[in-house]
Amino acid sequence: MVVPILLGITFLTFMLVRIGDQNPVAMLGGPMADEVTFAVIEKELGLDKPFFVQFGIYLGNLVQGDLGESWQSSERVADEIRNRLPASLELLVFSVLLGALVGVPVGLRSAQRPNGLFDQVSRFVSLFGFSVPTYWIALMSIFVFFFLLRWAPPPMGRLDIASFPPPDLTGSYFIDSVLTGNWTTAWSALGQLTLPVILFSIIVAAPIIKHTRAISLEVLASDYVRYARAQGLRPRTVRRVALRNAITPILTFIGTELTGLLAAVSLLELIFAWGGLGQWGLNAILLGDFAAVQGYVLVLAVFSVAIFIVLDLLVLLLEPRATLRP
Amino acid sequence: MNKPTNWLGSAALAAVLALSAGGAGAQEKTFIFGAVGTPAGFDTDAWLTGTLETTVNVYEGLTKHAIVTDGSGREVIDASKVEPHMAESWTVSDGGKVVTYKIRPGVKSPFGNELSAHDVAHSWAMAKDRKRVGNFMVKVGRVESVEAISDSEVKFTLGTANNIFPRILSTVFPALVDSKVMKEHATADDQWATKWMAKNTAGFGPYHVESVKPGEGAVLVYNKNYFEEKPYFTRVIYREIPSAASRAALVKSGQIHWADQMPIQQLVDLIKDPKVKVDSVPGTGAATLRMNPNFKPFDDIRVRKAINYAFDYNAVHEAVFRGLGELSDSILAPAFGAYYTPAQTYQTDLGKAKALLSEAGHANGLDIQLEYSDNWWWEESLAIQTKDALAKAGINVALKRIPKTEMNSRRRIGKRDIPFFPHLANAFVLDPGYAFYLSAHSEGSSDVNDYNNPKFDALVDALIGETDTTKAIALAKEAQMMHADDATFVISDFPKTYAVTAPCIKGWLWYQHDRVVWKHLRCEG
Amino acid sequence: MTDTSIDRSAAVGFTTSGRILGIARRSPTFAIGFAIVTAFAFVAIFADLISPYGAIETFSRQVLQPPGVEFFFGADGNGMDVFSRVMYGARYAFGIAVPAATLMLLIGVPLGLVAGYKGGVLDEVVLRIMDVLRSFPSIVLALAVVSATGQSLINVILVIGFLDAPIFARLVRSEVLALRSSGFIESAVAAGNPTWRILFVHLMPNAIRGSTAMIAVRMAWAVRISATLAFIGVGIQAPTPEWGAMIRQGAEFVISGEWWVALFPGAALVGIVLGFNLLGDGLQDLLDPRRKATGK
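Same order as they appear, the protein sequences are chains A, B and C. The letter at position 127 of the first sequence is residue 126 when you use numbering that gives the first Met the number 0, and the numbering goes up by one with no holes. The letter at position 79 of the second sequence is residue 78 when you use numbering that gives the first Met the number 0, and the numbering goes up by one with no holes. The letter at position 238 of the third sequence is residue 237 when you use numbering that gives the first Met the number 0, and the numbering goes up by one with no holes.
FYI, nobody ran anything at the bench for these hints, they're computed from the structure. For clarity, every value in this text was computed on a predicted model and none was experimentally measured. Where is the CB? At the ideal position from N, CA and C, for every residue including glycine. Only true hints are included.
Taking beta-carbon pairs under 10 Å as the criterion, some of the chain B residues facing chain A (in silico):
#	residue
1	Gly33
2	Asp44
3	Leu47
4	Gly133
5	Pro213
6	Gly214
7	Pro241
8	Ser445
Chain A with its partners taken away, still in its complex shape (with noise of 0.2 Å):
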């Protein structure tokens, strides 16, 4: 199933990088080649053949994990991506930890008094966070706490100018720095990821709010919900038990955000030069490096399938029977 499906995203993109004038061989021979070069440039980087034997050659190294190499850049697809992906992982993670943890409560917060104060103003704000292009808020608020309050280091990536990369442990500079007692190192990284993941947890935290909101509504007008109401437990116990129903489609859901995460971050990427997977993969497909954007849109896709299957092993087995058991 999984894999139909790859293959399927993977010749999409092989045509769609091939096709219109996206032809590197120019820019790489530089301005002064001739003729014969270019054929020549045109023959390394496999392009004189035909459009499938180019797929079929594509996917035979793709199985021996050979992702092929960035004309760009001259290097491995592969190094690339596990170069960069740490960077992209760390914004992401932090981003949707903070997201998720304010979102849920308040979402469920909001649901206990529906069209109260905290309600309208939760919603207000969540509806705020679908509206705002990313990049947007993330230029403003680089102006407000960088240009005029001072704040915020220059948007220059995860580390300032003075500071070395942490041994690498899990990939994220902050916790290696910690682990590995680099406070200089920690603070700068804390620094650089402050601006970026606050914005980022804003954008993530709309959906979940929105979401939790709607669900723990349904829980709680539910069947059991009321019987266990009913019943006169304490409304503690029974929030209790409206929360175990709901947390699955709430996890679920944050699951299938997540899938299409990994790229919304990508502009945030770019705008404070992160180093990250996004900014590597988009600057690709507006050069046209073509197995550097196969490469990025693999990863993606890869990505989504893998956090589908992690999700129904989590349903699986978090789905307990609709209980009054507290």
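Position chains B and C relative to chain A; hints supplied.
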């Protein structure tokens, strides 16, 4: 593949400490260069991001230009003649067609190998075989063969004697490589070790690549075997900082020494800032709009002239270059000294433009398309101003942005099918013959609008072979006038080259390749 | 003559203003959303009349002039008036959202109808294709397509239309599945109606009801994604006054202090997307009252 993760930061940390401590007594002086991107390769025949910026500091030539002081007390290079550098002398024979260079002893690469004639022959053979920039120089310099006649003597045989050739030897095209090291890394299907060159260098110049980390930058160190005086900076951190605003902020706060490629708005801001030193030299390449006379309606010289008259030079100077470029009036820049002649006979004149259009049969207006890309920062703003200005003469310009790869692809020799587009050609050799050949000779690699005028070609060919200065000046003048009259270019500003640095940086010397040469720099005061 | 007129003010539902008030009372969300969208539509339609300058009129000596009397929202990097461009930008917002939404429906609804009604292999195939498209992050797909096929508005609209069509296909399909075995359909079949008639005359009006709110939401999405594409640099040709493209230009200047170039187009974007979202939420409230219990 193990990549060191600590080098960049620890080096940077040391550098920043040195910066703040004034660098007094520190053994290693580190220069922090804020660049747009990590170098993607060090092959001078394959220009990727950061290639030229680094290789001009890694490779040096058999000759060099002398450094003189100009009228204002500023140190400049003397474009008109060359001096011995890695060659200690040369002899000319056969009417200038055979030049034999004697290699200076003791010129060593970081690997300990001494420069020999075989290295030179290897480098030129590589250029010829790869048929790119290096090969272009082979053709322009009319080089027919390069032979190592002994370990220390190399003989160049030219088809025609010319003045360009010695100057080419001062450039990195082709790069003089340590052929022993290159051969170690060559493989069966990569005889010139181009793959190894993507991440490493083996030159005889002052710096050498120590490591590269994609996404972060590169570290270059001083070549301890360098044959000339040791530069002030013995370590260079070439740091990737894609955002121009970040580079500006970092140079303002003193955390980097040099902020490369600052866009115009940042420049306007930085020039006013006392925490930053901004220096400039006039540019040698003009921002132009090229018209391809093989495509309608640009095949009609009246239309081309009309566009030249309709263009609003002052508006572009103000709006696009914010007053920070130099209005130009010739295909050559004033930097060419005696060879430069104010030739541009076009000032904004809507009346003339409309009259010419009428004459050409377009009294009711004209529809053309301007295709542009993002090879240069000013392309889009120039396109927009052009659309606006030409509209006043009844010319409706449809703008179309195309990807860089497409633009480069369609500009190349053999294709050249873009009717109307922006371009800038910087002459790597400060020679008028070279400049004309590059941009407007039918064989020129930057003759991207396919201008093909046999009379002009003949003039340029004569100029290249002309060794008498007075005659050369006259030829150059004639060429400039002819080119202006043919009106295939709309020439706007010569963007200046800016150096945005920390206040302590001194010694910037501009070279015609328009990249920063680190060995002259120092940090004082 | 006896006064047979009814006291109109009390007869909510009988007069237009009464109806409007009634709707507003039932769903203030809808009312606000509707008001916002209408305001933008007004600006889009009458931009020629109400904007002080042209959309691409350049004032080359006043590049980056701050907001003031001459240029309410300041001038951008090419010397164009941001205020006028923001107004004309509304045209592009609607000009992309409306055709894209139409396309989504034109493709998605028939697909969903057929897949849901016929079932079988066709259904499976459609579902698989939709799965592939769903796993592909839409922004990346859109970016790749527009990059490859060239900078044009039409391509952007086409891509958005195709990308979101599966959403409607799915919605309609599930409605059809539910309705397929209902009484009126069975009788329509028994009466000998040809399939196409059943699909489009009997099923469609009912199946589409649940999608109405989604239309507004997808229009919000269409505006957002085209702006994002323009921000990255594909799809919209300069100097078109599209809000995303304007933010793109503004991005360079934000960090050197010229905040107005990016702020105002972004605010407009937020406004219209908010409007569409509220409209969608409100429509949901109004048309699908059984969902209202969840307070959506």
